[in-house]
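Taken in sequence, the protein lines are chains A and B. Counting in the working numbering, the first sequence runs from 578 upward without gaps. Counting in the working numbering, the second sequence runs from 578 upward without gaps.
FYI, nobody ran anything at the bench for these hints, they're computed from the structure. Check each hint, because a few of them may be wrong.
For chains that are exact copies, the list does not tell them apart, and a pair is met inside one copy or across any two.
[To be verified] Listed next, the in silico DSS-like pairs over lysine-lysine satisfying Cα-Cα at most 30 Å (straight line):
#, residue 1, residue 2
1, Lys678, Lys1049
2, Lys585, Lys755
3, Lys901, Lys628
4, Lys1051, Lys613
5, Lys701, Lys1051
6, Lys628, Lys592
7, Lys850, Lys1049
8, Lys954, Lys759
9, Lys1051, Lys850
10, Lys1051, Lys678
11, Lys628, Lys701
Number of protein chains: 2
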Amino acid sequence: MSQDFYAKHQATLDKAIEVTRTREFWSPYPEMPSGKVYGEDAAEQGEAAFKARLNQPFKVEMPGIVGEVGEEVSPYGFDLGIRYPKVDPDTLVPAMTESLKAWRDAGPEQRAGVCAEILERLNKRSFEMAHAVMHTTGQAFMMAFQAGGTHAQDRGLEAVAYALEAQTRTVGEAHWVKPQGKRDPLEMDKRFRVVPRGLALMIGVSTFPTWNGYPGLFASLATGNPVIVKPHPHTVLPLAITVEVCQEVLREAGFDPWVVSMVVDTREAPVTKELALREEVGVIDFTGSSEFGEWLERNCHHAQVYTEKAGVNAVVIDSTDNLKGMVQNLAFSLSLYSGQMCTTPQDIFVPRDGIETDQGHLSFDEVAEAIADGVRKFLSDNDRATAVLGAIQAPVTADRIDEAVKLGEVVLASERREHPQFENARIRTPLVLKVDAADEDKYSRELFGPISMVIATDSTADSIERARRLAKAKGAITWGVYSADESVLDQMEEAALDANVALSINLTSGVYVNQTAAFSDYHATGGNPAANACLCDAAFVANRFRVVEMRRHAA
Amino acid sequence: MSQDFYAKHQATLDKAIEVTRTREFWSPYPEMPSGKVYGEDAAEQGEAAFKARLNQPFKVEMPGIVGEVGEEVSPYGFDLGIRYPKVDPDTLVPAMTESLKAWRDAGPEQRAGVCAEILERLNKRSFEMAHAVMHTTGQAFMMAFQAGGTHAQDRGLEAVAYALEAQTRTVGEAHWVKPQGKRDPLEMDKRFRVVPRGLALMIGVSTFPTWNGYPGLFASLATGNPVIVKPHPHTVLPLAITVEVCQEVLREAGFDPWVVSMVVDTREAPVTKELALREEVGVIDFTGSSEFGEWLERNCHHAQVYTEKAGVNAVVIDSTDNLKGMVQNLAFSLSLYSGQMCTTPQDIFVPRDGIETDQGHLSFDEVAEAIADGVRKFLSDNDRATAVLGAIQAPVTADRIDEAVKLGEVVLASERREHPQFENARIRTPLVLKVDAADEDKYSRELFGPISMVIATDSTADSIERARRLAKAKGAITWGVYSADESVLDQMEEAALDANVALSINLTSGVYVNQTAAFSDYHATGGNPAANACLCDAAFVANRFRVVEMRRHAA
């Protein structure tokens, strides 16, 4: 190996492992798109790098390239025109299997070093990545820089840290001496080798290709599994840039660059099932629909399958001693990326008799109106609004907003907005509806996008019970609760423990229910139908490798 | 809690965690059935305790008892006549779900303390357990004391150690402070709660009810999952005694004793599938047939499923510089518990041109004859033979020996033997056959019991390739290899890494391919069809619990 990337990054890796234990704030990747941090030319160069990609072929080095494919359209209203290699899995997969051995034999430390170097180089390209994420997912620039860039890098490093710790938890060699009374002891020399499960398949999602993709990608890579990156056909570029950087570092470190490869398909001719069913694939990571996630879980018994699927996130409002803070906090949560986060609240349960607040009793209708008005005010400045909303990634999501209007009484209508820079951007503000808790069919499935319901319940106890049942049946990644009564919070916590949902309590300032911080907050628990794994914990890496023991009598 | 069992056992638990990392020899449970260790009366009292069980009802405290059931017959030739409670799952399961909360809230340390106390008390009852294991599984007394008693206790403690470490890896509470430039930092108080997956179902096997059962039982219990013990209907007593001790300690510690319960069924009216499909069940551990294990894996998507199934273990003989040691070692391995171990070698691959040894060249036939003769000599003394062979657990295993004779040329015929104490004991010596490598159908499935084949291959490379393919297709838990050539050992190691099989190299003295030591040797890798998990590693416990986070703004 030309460079010892492990030595270079060891301190960072050690610190990363430490903070996954202490859950303190930490990040090696500054989240502000600042010239002081990234270099005064970084913003301009990043944008230029992105623009230079447009309408060009994108190079990935791998055996089996047979053509070109690409159909990306920016949610801000223009074709990307990028053409990616089309590859034949029957050539690629055997080649990657050949390459597995050297990557396996590199060992946990060297693999972690290569991964950390990849992440450092991705960090330096965060401006370019921000544009790539923005113009595939529709995220606004700041969010694309953070969620698509630096926070995704955090999540990647977090996975590498867990993987390194797990693989080095146990000695590689042991001398075993068993006393035998008066006879000589039995003595054995033992070696313990970490081996990967096979090839890993990382199936990218259209909205958070890097943030949701990096944990699986880096967890698999760090544990020795060569990775096939299979991006969503409409959100390829962020993962293509990622693969480019992976290959650059792998090549420098002396490995076959196609230890990380990329298979791009189209909506019309998908290849994911075919890839997932290949026996060489030992690990699959997926973020997307419940339907496809469940298909993977039920059909890919030859592989470890990690899925994040649909869910219905809830907020229970019982009472508050900070009405203004609550409303502002919720307004931001509902607006951010137009509700296209798997952590956005959808169902807001409020007693039909209303709630007590620091501004007196509010009726159910007044609570709904206060939330609607909060969103309205927050989005009144169009520049600020578009910088938070971003654009709607998929036309089907925009259509869903229009259909959802039928489900209840509209408290806040969804509006179209103009983007100051991009004239054809698909921008929509949140829709807020009122429904009755009795109409379960209206709010008990995920309505992906900027659609929320304020639901009238019999009581807070009823709200909690409905949220609990819903999460256990349909899944949930986040819950929020507002109450000035600790006994109500205790009941909500008990429900959260039962339904395995992360709970944010009385958020009224600059932390939001839909945001989680790597190294500290867990994303999903893996304990309800929204996800079968947590990003990221020790369980997320533990089954990506096995240990093979060799023993012989001591010499 | 009346007693702080964690404080009492903390040093033992800490040491157990440490040795799972260093893989040194260690055990807190002395394996010799010695009066000096266990008390001069222990042997006599243990036997008396066992005899007092016979033809009596066995008490287990749990809601929903509706009758009695029991059909155990000792492989040594007499009915046990023990009647166990028959329980209604529709009453038991909801009651256990109710009891889950208190067990969950006890936390990792207190649960580990209770588990360690259970194991300590089980250790004190190792003589009674030895008789119970002997007269259900057919193991000879010494093996029943060790594999059924002290070594099973080791495996249980090992699981508790992994579980305790995994649950306490991360802080329970964190204060998170994120700098915001010139503004005040964001500050959050976070709590992280370990929650179990639900109820655990441990499905016992007829041959090693405790050794194979304790890892799952204690891993689930230590991670907060109340456990339903479902013994094999012909091997109930060892697990019934275990449940009795669990309940005694749980009761003393202030928990509902039915946090560990037992459901006994019959071969005619099995209840395992019905239990496994209940949605309250979050974890399932199973040892047994591939058919049932695969059914669990493919149908119980609501639960974490850990299976140990059938496999075909192989020994590759290339050459040896210690022919006598090799033959003696293999003779013991083939004889121990009449080949009824999931670790017993079945397929012995030898080049058809023979091998080089310290006693000169041996033809293929001479190698086969040497092994047969080794077994013959080892079993020539009937008292020693029966003390190693034990009895055949199931009549179907004895029948299989008679059928297997057709598969090849008999090198060593299986004999019936008389037991010095028990006149109707079902005792059979190993059958050794010669077959040709071309006849794959004869040796490429598990023939459970004392049946081994010496297989003529084209070369050692051919032997290794056949073993590798067989392990990947049908599974294997153990491999042995004999070679005086390090380059051959390297090839075998490479195959072991690929097929995920533990490899024992040139065993010629008192360690055997079918024996593994807790805290040091891994049992199965979880990486081939013989088992989807390893007993025991961090992956074995990681998915038995989830972490639920609660966060709020810092006060």
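Cross-check of the supplied hints:
no., hint, verdict
1, Lys678 / Lys1049, "between (42 Å within a copy, 17 Å between copies)"
2, Lys585 / Lys755, "between (40 Å within a copy, 26 Å between copies)"
3, Lys901 / Lys628, "neither (42 Å within a copy, 74 Å between copies)"
4, Lys1051 / Lys613, "neither (45 Å within a copy, 59 Å between copies)"
5, Lys701 / Lys1051, "neither (39 Å within a copy, 48 Å between copies)"
6, Lys628 / Lys592, "neither (36 Å within a copy, 59 Å between copies)"
7, Lys850 / Lys1049, "both (28 Å within a copy, 23 Å between copies)"
8, Lys954 / Lys759, "between (85 Å within a copy, 26 Å between copies)"
9, Lys1051 / Lys850, "both (24 Å within a copy, 25 Å between copies)"
10, Lys1051 / Lys678, "between (41 Å within a copy, 23 Å between copies)"
11, Lys628 / Lys701, "within (17 Å within a copy, 74 Å between copies)"
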